[in-house]
Amino acid sequence: MFRKFVKYLVMALFVLSLFPTIAFAYLDPGTGSYVLQVVLGAFLGGLFAIKMYWRNIRTFVANIFSKNASGE
Amino acid sequence: MTTQVVPGSFRDPSGFLFFRDDGIYRQINQSYQDNYDHLISSRLYSTLVDAGLLIPHEEVDDEPVVAETAYKIIKPQMVDFISYPYEWSFSQLKDAALATLAIQKWAVDFGMSLKDASAYNIQFVEGRPVLIDTLSFERHQEGRPWVAYRQFCQHFLAPLTLMAYSHINLNQLLRVYIDGIPLDLTSALLPVRTRFRFSLLSHLHLHARSQERHSDTQDGSARQAQMGKNAFLGLIDNLQSAVRKLEWRPGKTEWGDYYQSTNYTEASHIHKKEVISRFLDQRRPGKVWDLGANTGVFSRLAADRGIPTVSFDIDPVAVEKNYLETKNGGKLILPLLLDLSNPSPSIGWKNEERLSLLERGPTEMAFALALLHHLAISNNLPLPRIADFFHHICDSLVIEFVPKTDSQVKRLLSTREDIFPDYTQGAFEAAFSEFFQIEEAVPLTGSERTLYLMTKKSL
Chain Y
431 MFRKFVKYLV MALFVLSLFP TIAFAYLDPG TGSYVLQVVL GAFLGGLFAI
481 KMYWRNIRTF VANIFSKNAS GE
Chain V
366 MTTQVVPGSF RDPSGFLFFR DDGIYRQINQ SYQDNYDHLI SSRLYSTLVD
416 AGLLIPHEEV DDEPVVAETA YKIIKPQMVD FISYPYEWSF SQLKDAALAT
466 LAIQKWAVDF GMSLKDASAY NIQFVEGRPV LIDTLSFERH QEGRPWVAYR
516 QFCQHFLAPL TLMAYSHINL NQLLRVYIDG IPLDLTSALL PVRTRFRFSL
566 LSHLHLHARS QERHSDTQDG SARQAQMGKN AFLGLIDNLQ SAVRKLEWRP
616 GKTEWGDYYQ STNYTEASHI HKKEVISRFL DQRRPGKVWD LGANTGVFSR
666 LAADRGIPTV SFDIDPVAVE KNYLETKNGG KLILPLLLDL SNPSPSIGWK
716 NEERLSLLER GPTEMAFALA LLHHLAISNN LPLPRIADFF HHICDSLVIE
766 FVPKTDSQVK RLLSTREDIF PDYTQGAFEA AFSEFFQIEE AVPLTGSERT
816 LYLMTKKSL
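Protein chains in written order, with the numbering used here: chain Y, 431 to 502; chain V, 366 to 824.
I should point out that these hints are in silico values taken from the structure, not numbers from a laboratory.
Take the hints with a grain of salt, since some may be wrong.
Said to hold, decoys possible - Here are the simulated lysine-lysine pairs, PhoX-like style, with alpha carbons at most 20 angstroms apart:
no. : chain 1 : residue 1 : chain 2 : residue 2
1   : V       : K470      : V       : K594
2   : V       : K470      : Y       : K481
3   : V       : K652      : V       : K696
4   : V       : K652      : V       : K822
5   : V       : K652      : V       : K821
6   : V       : K610      : V       : K470
7   : Y       : K481      : V       : K610
8   : Y       : K481      : V       : K594
9   : V       : K652      : V       : K638
These figures come from a predicted structure and were not determined experimentally.
All chains should be built: construct the whole structure from the sequences, respecting the hints.
Structure follows, in structure tokens:
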């Protein structure tokens, strides 16, 4: 998990260096909020990917069983 | 034709709200054209409206207020009563937070994102939280973090966590801080155990720390970081589970006590309901405010007749219970927190952004049931001033006089000196006659109380 987090963080910093653009919006997102969000997102994005992957497996298995059940 | 721009609608350059003759309108500026067109053509608008999450509107040909910048004029559906987050119970604020996140998830699916996450953009329409700002969406730029993340944490997550972990009345801080509760203050007020929950640790405590650390950052490079779609969705997903897990459970005794600690017999309770129902059928008001509504038993008499009813009470437990009941039916009731001795003031820029209670009136009919003694005796308010207040807020009034011989008043007077020689039924009628025509006075069966129907006099 930690390695994945580090991997995301490194990737995020890499992407950062590729697109040196500043986003403008009518709300100031706040630098501290912005930085925290990116770091947190790197970690939570990994968890989210695992969650979605796991959900897909569960749906797949559930579908097999429901097909079997309806076939009986 | 009179046109008046809504004073609270000025921060977002995408457009603004204005009142004109028969209703409320929104001017959409040319700068927002691309985003508005995408909202409609991507079907995000119709999806959200069908899901009951976004206020419906129609495009109209009316003349714009500022023609040079105008792209379109839209006429959103009117909201019966505008309420504010410091007037909501715990579950109302929680449902508003979850609605905001659900909208954001839909928006991402349609290539857009919320550019603000203000609690003031959510209103309760037929019992459900609905986004009323059609201009809150912008095209999502891949890699860009959620611009409204800070605002979501300050407007929703911070007050909800404070209410759940510290004190239910801390939502009142929203009255002081119009852009949500600052995270450093939130972090300082929360108990240590909130640091052991990952979502609260990160979105509140570490968030506050990061803000402090970067408060003097001048260079924009810190804002160049990007986040992928999974990171973006993961953040929203985590906020959603953090909000869902927040709970507030008042003590069992507090929940159970309502309408059992009064001195009503079953017969007088039924009689009171009958008289109020008759007054409602006689007057057929278009809207009702029930002041001191408790859990909304009498508000339901109005709502059952199809009348939108705002059900105010000072007690967060009563308002919470009332709201949870409206979710199982009674959608025309809007339960709200209100201390009548210090009602919501007008706040924000020029004291015009959020309206005071009185500015949101008057209502067609007000209920003041089992309320008078709390105002007159607990709050030392002279009867003529109480009458004057009701004259400001309603066209007709259903008010209950509770005499000193009533057990509830005796209880209020048991711990203090009786400095209220003028608190008599005669003085009450005299004071209210200055402002109202007394139409009927009905003594309630099995009690010493009297129910009045009054009509406002034009002074």
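> K652/V and K822/V: Cα distance at most 20 angstroms?
Replying inline: holds, 19 angstroms
> Within 20 angstroms, alpha carbon to alpha carbon, are K470/V and K481/Y?
Replying inline: Roughly 16 angstroms separates the two Cα atoms, so the pair holds.
> Within 20 angstroms, alpha carbon to alpha carbon, are K610/V and K470/V?
Replying inline: holds, 18 angstroms
>> Can you confirm whether the C-alpha distance between K652/V and K638/V stays at or below 20 angstroms?
In response: Judged against 20 angstroms, a Cα distance of about 18 angstroms means the pair holds.
> Regarding the pair K652/V and K821/V, is the alpha-carbon distance no greater than 20 angstroms?
Replying inline: Answer holds: K652/V to K821/V is near 15 angstroms, not above 20 angstroms.
> Taking only the CA atoms, is the gap from K470/V to K594/V under or equal to 20 angstroms?
Replying inline: holds, 11 angstroms
> K652/V and K696/V: Cα distance at most 20 angstroms?
Replying inline: Given that 20 angstroms is the threshold and the Cα spacing comes to 14 angstroms, the pair holds.
>> Need the status of pair K481/Y, K610/V: alpha-carbon distance at most 20 angstroms?
In response: holds, 18 angstroms
> Does the structure keep K481/Y and K594/V at a Cα separation of 20 angstroms or less?
Replying inline: holds, 14 angstroms
Going down the numbered hints, you'll see the structure goes against none, and every one checks out.
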